[in-house]
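Given chain W, work out where chains D and G should sit, using these hints.
Residue numbers (the numbering used here), protein chains in the order written: chain W, 4 to 353; chain D, 43 to 356; chain G, 82 to 443.
The reader is advised that the hints may include incorrect statements.
[Unchecked claim] Derived pair list, reagent style BS3-like, types lysine-lysine, alpha-carbon separation capped at 30 angstroms:
{"no.": "1", "chain 1": "D", "residue 1": "K346", "chain 2": "G", "residue 2": "K210"}
{"no.": "2", "chain 1": "G", "residue 1": "K196", "chain 2": "G", "residue 2": "K182"}
{"no.": "3", "chain 1": "D", "residue 1": "K273", "chain 2": "D", "residue 2": "K289"}
{"no.": "4", "chain 1": "G", "residue 1": "K258", "chain 2": "G", "residue 2": "K292"}
{"no.": "5", "chain 1": "W", "residue 1": "K132", "chain 2": "G", "residue 2": "K258"}
{"no.": "6", "chain 1": "G", "residue 1": "K292", "chain 2": "D", "residue 2": "K273"}
{"no.": "7", "chain 1": "G", "residue 1": "K353", "chain 2": "G", "residue 2": "K324"}
{"no.": "8", "chain 1": "W", "residue 1": "K325", "chain 2": "G", "residue 2": "K258"}
{"no.": "9", "chain 1": "G", "residue 1": "K196", "chain 2": "G", "residue 2": "K258"}
{"no.": "10", "chain 1": "G", "residue 1": "K292", "chain 2": "G", "residue 2": "K101"}
{"no.": "11", "chain 1": "G", "residue 1": "K101", "chain 2": "G", "residue 2": "K182"}
{"no.": "12", "chain 1": "G", "residue 1": "K210", "chain 2": "G", "residue 2": "K196"}
{"no.": "13", "chain 1": "G", "residue 1": "K188", "chain 2": "G", "residue 2": "K210"}
{"no.": "14", "chain 1": "G", "residue 1": "K210", "chain 2": "G", "residue 2": "K182"}
{"no.": "15", "chain 1": "G", "residue 1": "K324", "chain 2": "W", "residue 2": "K180"}
{"no.": "16", "chain 1": "W", "residue 1": "K50", "chain 2": "W", "residue 2": "K249"}
{"no.": "17", "chain 1": "G", "residue 1": "K292", "chain 2": "G", "residue 2": "K324"}
{"no.": "18", "chain 1": "W", "residue 1": "K50", "chain 2": "D", "residue 2": "K65"}
{"no.": "19", "chain 1": "W", "residue 1": "K57", "chain 2": "D", "residue 2": "K346"}
{"no.": "20", "chain 1": "D", "residue 1": "K273", "chain 2": "D", "residue 2": "K346"}
{"no.": "21", "chain 1": "W", "residue 1": "K180", "chain 2": "G", "residue 2": "K399"}
{"no.": "22", "chain 1": "W", "residue 1": "K123", "chain 2": "G", "residue 2": "K399"}
{"no.": "23", "chain 1": "G", "residue 1": "K324", "chain 2": "W", "residue 2": "K123"}
{"no.": "24", "chain 1": "W", "residue 1": "K57", "chain 2": "W", "residue 2": "K123"}
{"no.": "25", "chain 1": "G", "residue 1": "K188", "chain 2": "D", "residue 2": "K273"}
{"no.": "26", "chain 1": "D", "residue 1": "K273", "chain 2": "G", "residue 2": "K182"}
Simulated from the structure, these hints should not be mistaken for laboratory data.
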Amino acid sequence: MASIAFNNVTKRFGDTIAVNNLSFEIADSEFFCLFGPPLSGKTTILKLILGLEKPDDGEILIDGRPVNHVSPARRNVAMVFQNLALFPHMSAEQNVRFPLAERRMDESHIASRVADVAAKLHIGHILHKSPAQLSGGERQRVAIARALVRDPVAYLMDDPISALDARLREETRVELKRIQNELGRTMVYVTHDQEEAMSVADRIAVLEAGSIRQIGAPSEIYDNPHSSYVARMLGAPAMNLLELDKGRASALEGALPLSGLAVPDGAAQIGIRPEDLLVGPALAAGQGLVRVYEVEPLGGVTVVTLQAGETSLRAMVRGQPKIDPDSQVSLSVAAGQACFFAGDGQAVRI
Amino acid sequence: MTVAALDTRTEAMEHEDARDSRKLGFWLTLPAQLLVLFIAVFPILMQVYISLTDWSPLDGIDWWQAHQLWNTFANYTDLLEDNRFWSALGRTALVMAICVPCEFLLGLGLAILFVDNFPGRRFLYSVLLVPMMVVPAVAGYMFFMLFQSGGPVNDILSFFTGSPVRIAWLSDPDLALFAVIVSDIWQWTPLMFLILLAGLVGVPEDQLRAATLLGASWTTRFITIVLPRMKTIIIIALAIRVIENFKVFDNFYIMTGGGPGVATETISIYIYKVTQQELIWGYVAAVALVILITLSVVSAYAIKRMSRSRELSR
Amino acid sequence: MTAIHLENLSKSFGAFTALKGMNLDIADGEFVALLGPSGCGKSTTMNMISGLLEPSEGSIRFGERDMRGVPMGRRGVGFVFQNYAIFTHMSVYDNLAYGLKATGVAKAERDRRVKDMAEFLHLTPMLNKPSAGLSVNILQRLAIGRSAIMEPAIFLLDEPLSNVDAAFRAVMRTELKHLQRQFRQTMVYVTHDQLEAMTMADRIAVMDHGKLLQVGTPIDVYNNPSNVFVAGFLGSPGMNLLKGMIVRTDLGMRADLGDAGLSAPLSSAQEKSVSDGQAIVYGFRPEHCQLTGDDGIRLPVTFVERIGARTILHLGNKGASIKGVFDNDVVARSGEIVTLSIDHANIRLFDAGSGDAIVEAR
Chain W
4 MASIAFNNVT KRFGDTIAVN NLSFEIADSE FFCLFGPPLS GKTTILKLIL GLEKPDDGEI
64 LIDGRPVNHV SPARRNVAMV FQNLALFPHM SAEQNVRFPL AERRMDESHI ASRVADVAAK
124 LHIGHILHKS PAQLSGGERQ RVAIARALVR DPVAYLMDDP ISALDARLRE ETRVELKRIQ
184 NELGRTMVYV THDQEEAMSV ADRIAVLEAG SIRQIGAPSE IYDNPHSSYV ARMLGAPAMN
244 LLELDKGRAS ALEGALPLSG LAVPDGAAQI GIRPEDLLVG PALAAGQGLV RVYEVEPLGG
304 VTVVTLQAGE TSLRAMVRGQ PKIDPDSQVS LSVAAGQACF FAGDGQAVRI
Chain D
43 MTVAALDTRT EAMEHEDARD SRKLGFWLTL PAQLLVLFIA VFPILMQVYI SLTDWSPLDG
103 IDWWQAHQLW NTFANYTDLL EDNRFWSALG RTALVMAICV PCEFLLGLGL AILFVDNFPG
163 RRFLYSVLLV PMMVVPAVAG YMFFMLFQSG GPVNDILSFF TGSPVRIAWL SDPDLALFAV
223 IVSDIWQWTP LMFLILLAGL VGVPEDQLRA ATLLGASWTT RFITIVLPRM KTIIIIALAI
283 RVIENFKVFD NFYIMTGGGP GVATETISIY IYKVTQQELI WGYVAAVALV ILITLSVVSA
343 YAIKRMSRSR ELSR
Chain G
82 MTAIHLENLS KSFGAFTALK GMNLDIADGE FVALLGPSGC GKSTTMNMIS GLLEPSEGSI
142 RFGERDMRGV PMGRRGVGFV FQNYAIFTHM SVYDNLAYGL KATGVAKAER DRRVKDMAEF
202 LHLTPMLNKP SAGLSVNILQ RLAIGRSAIM EPAIFLLDEP LSNVDAAFRA VMRTELKHLQ
262 RQFRQTMVYV THDQLEAMTM ADRIAVMDHG KLLQVGTPID VYNNPSNVFV AGFLGSPGMN
322 LLKGMIVRTD LGMRADLGDA GLSAPLSSAQ EKSVSDGQAI VYGFRPEHCQ LTGDDGIRLP
382 VTFVERIGAR TILHLGNKGA SIKGVFDNDV VARSGEIVTL SIDHANIRLF DAGSGDAIVE
442 AR
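Chain W extracted, bound-state conformation:
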């Protein structure tokens, strides 16, 4: 069990800076999620923790000890790869045994460790099968079992469930969370899927171009983004951003009444989550209206795309309301549910 800390760590590949002067700390037994678009430095951070890359600058500590010069094998950190990298010619059990057998551990010890891990991951009944005979989710668990069997202080996962189909992903992420809870080990998890990040993480680090833009609990980041970049990274559909001009949403020409909202000084943009953008019937006289461009009923919720000039907005409405494409509707913002950003994208508050 271990904490992991980065102190001013920088990593360059030639001219590109993959990780830029990063400092953060992952607490012991925390489920920590690195989240960002491709090439934002997520995987490089994993490799730095694992010891596959050396930092150009700064220091990495595992459990308070500097590990810059400690070889990957001695860091006792396990990794589950994106493609799982199971050995296809071995049974699930042989795969799980592999890290221990490689270390010439005695047979009784290996057997008890494998049984132990298999029980935790509920894979006892499939150990005799070969990876090809396993389902996506089962393969997933075997790969995790192989990573856990040597009792690492922390485990790292690089987008491990992105290859599974949607339904299985939903189930597996909850399963991963449960496993991590029970094992109580530090987990560093890389993903580019915002829903997955919010579902599993104790804390998320939102990355952009090798820097951390915000770090915190999922709900904290979702409710209180520090910048418009972070605001748009979490949530699907993404937060609506509208330019403000003298306290009015200029693109909407008065179709969006902001009178009930206190607009802080220096706010150049207002951000409204789709679920906080309320769509109403075209009743109120004098209020501007917007055109419904598209209605996507998803069953439990309905996503309504609205068009006002060049600006398009998305609202998410619970249930299956009767809204027709090309009809005119009025808009309002749920009380107290708007974010404001300055011209540079940083959040501003009253």
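Same frame as chain W, but now just chains D and G:
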């Protein structure tokens, strides 16, 4: 301050690390490098040396004393005027110009047939590969027997024409060349087939389907999708056969001994004869060097083309 | 533009039946999604429409024309492959021009149509670039353009978004839908992702194990699934399905749901369509759960998953496991036992044996 100092030290240490590991690498690979140098470079240097002399084992001096018979470039100027050499070289080129395209087309045709499944495919496939596994000398002997004037080839021709055929295949200059070429094509078409089949199987199925759905005929698909996708493997196959064909010896020598006269004398047979029969080794060394350089140029070109097309397909 | 009629369509490979007795009429200009897990027969169906496979039984008609024996190059079908099957050894231009060239369209005409298509799909800046190494959204557009330029009557798309990562899929989905609107061709779209099917298709055809289970508009299929498979497959999360048995109590008929306890009394319409002791599956959507009830399903909260705008409560475990979707202000903690109330109108009953929906008596 402390941090900066610490950083400098780390950097210096890492620099040292890298230099150390490079040095270590050099010493560890040194024996292997020396061995390679000895195996590859030494014989060539020795050849260059001898090719500049008149040395022959009959001279009674050891090869390293050959400088006593130094003749500078006389061997090379002789070579320019050696008609037998040039005609052997020309004949080798001719054999190549007939064999390689025939093997290529036959191999490609067979590969196209074999890419789809049909009953008996596996059996025919292994039968087709047999010629490749026959020792060339044995193949030479087989064809020597086949093309005897009382041999099976004439018997079959007699059967079809209805009158006895007694063609002296191996003693007529033109027919002898034809016979040896047939033996070469028989033996090496399977290799071509094997390589091209591997290439053909590797053409993405989806792209062929996409082309079909866009209305492309079989021929169009073959020209626009299959051939471009197989370019690399075709170049490899052709390069292998060109290089191998240049060195053809066994079956030719056994069937005709290079004759009648010099009618089937390829460059390898020529070198063999000059070495073994005339024993003018300084001259042979010059001939061998010229061929080595020619072949190196051809293969270097092929390798360059291959690496370029690999880059393109990436 | 052509309607597609599949009649009693079947396909077997040796002893394995990939598709059995499929009947489906796709209207001219309609966007139909074939939805199902891998191995459900959706790709087999599509391959038969394209002409890659010949049906073992049944017929395919485009409009009035029977397609039996018509080779795939002559069907006038545009096909977008899962991996797009771009000719990577050619330029973008040559990819677009491929079909026109192969069918002998004159150079001037070809050039004009390629340029128009490139303009339409915003591919003009990269027309002369090699197609290898382009980003996926450009490859998707190129694949669509390459087929569309032949002006096919029918467009078939085989899971074109499955190789695209999650964050980008929404963008691609929108783009694809807009293209369909502009082309107005009959489109058949194969996918295993219910979200793609729900958001894009005019109608969804849900398939499993080589059988067509239900066809309808997304909302219709979502609200009134014809059997348990469809119920569980659509939605995120899918419908909660609890096995149980109908029992008669003082307060009317209820469902005994094992570990989840007794359900609230059934509606009178539901009562009429079931009988005492009947084995049923009790289904309801996660978003229809409320925590206000005092009579009904009681289960412990095992995990609270907050995802942005909504909170998913995972309730119960192995024996009876369900999910509820709530707003973020829901008050519930792990370990707490909650009682669910579900409006009668939102409860769906299925026969436990056949899995088919039990139609409510009127």
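Structure-based check of all given hints:
A hinted pair counts as satisfied when its Cα atoms are at most 30 angstroms apart, and D/K346 with G/K210 qualifies at roughly 23 angstroms. Taken as a hint, the G/K196 and G/K182 pair is honoured in the structure, with Cα atoms around 14 angstroms apart against an allowance of 30 angstroms. Taking the CA atoms of D/K273 and D/K289, the gap is near 25 angstroms; set against the 30 angstroms cutoff, the hint holds. Restraint check for G/K258 and G/K292: satisfied, since their Cα atoms lie roughly 27 angstroms apart, inside the 30 angstroms limit.
For the hint linking W/K132 to G/K258, the alpha-carbon distance of about 42 angstroms lies beyond 30 angstroms, and the restraint is violated. The suggested pairing of G/K292 with D/K273 is violated, with an alpha-carbon distance near 44 angstroms, which exceeds 30 angstroms. Distance check on the hinted pair: G/K353 and G/K324 sit about 19 angstroms apart at the alpha-carbon level, within 30 angstroms; holds. With a CA separation close to 21 angstroms, the supplied pair W/K325 and G/K258 stays within the 30 angstroms bound.
Note on G/K196 and G/K258: the hinted pairing holds, with a Cα-Cα distance of about 22 angstroms set against a maximum of 30 angstroms. Taking the CA atoms of G/K292 and G/K101, the gap is about 6 angstroms. The hint holds against a cut of 30 angstroms. Using a Cα cut-off of 30 angstroms, the hinted pair G/K101 and G/K182 is violated, with the two alpha carbons roughly 39 angstroms apart. Among the hinted pairs, G/K210 with G/K196 is consistent with the structure: their alpha-carbon atoms are about 14 angstroms apart, no more than 30 angstroms.
Of the pairs offered as hints, the one joining G/K188 and G/K210 holds, with about 20 angstroms between alpha carbons and a cut-off of 30 angstroms not exceeded. At most 30 angstroms may separate the alpha-carbon atoms for a hinted pair to count; G/K210 and G/K182 meet this at roughly 19 angstroms. With a C-alpha separation of about 27 angstroms, the suggested pair G/K324 and W/K180 falls inside the 30 angstroms cut-off, and the hint holds. Between W/K50 and W/K249, the direct Cα distance comes to roughly 48 angstroms. Violation of the 30 angstroms bound is thereby established for this hinted pair.
Our distance criterion of 30 angstroms between C-alpha atoms is met by G/K292 and G/K324, whose separation comes to about 24 angstroms. Simply put, W/K50 and D/K65 have alpha-carbon atoms about 27 angstroms apart, close enough for the 30 angstroms limit, and the pair holds. As the CA atoms of W/K57 and D/K346 are separated by approximately 36 angstroms, the hinted pair breaks the 30 angstroms bound. Simply put, D/K273 and D/K346 have alpha-carbon atoms about 13 angstroms apart, close enough for the 30 angstroms limit, and the pair holds.
In summary, the hint linking W/K180 to G/K399 is supported, as the alpha carbons are separated by about 17 angstroms, within the 30 angstroms threshold. A C-alpha spacing of about 15 angstroms is found between W/K123 and G/K399, which places the hinted pair at or below 30 angstroms, so the restraint holds. For the hint pairing G/K324 with W/K123, the CA-to-CA distance comes to about 27 angstroms; that is within 30 angstroms, so the pair holds. A threshold of 30 angstroms between alpha carbons decides the hint, and for W/K57 with W/K123 the separation of about 34 angstroms lies outside it, so the pair is violated.
For the hint pairing G/K188 with D/K273, the CA-to-CA distance comes to about 27 angstroms; that is within 30 angstroms, so the pair holds. For the hint linking D/K273 to G/K182, the alpha-carbon distance of about 22 angstroms falls within 30 angstroms, and the restraint holds.
Checked against the numbered hints listed earlier, the structure breaks hints 5, 6, 11, 16, 19, 24; every other hint is satisfied.
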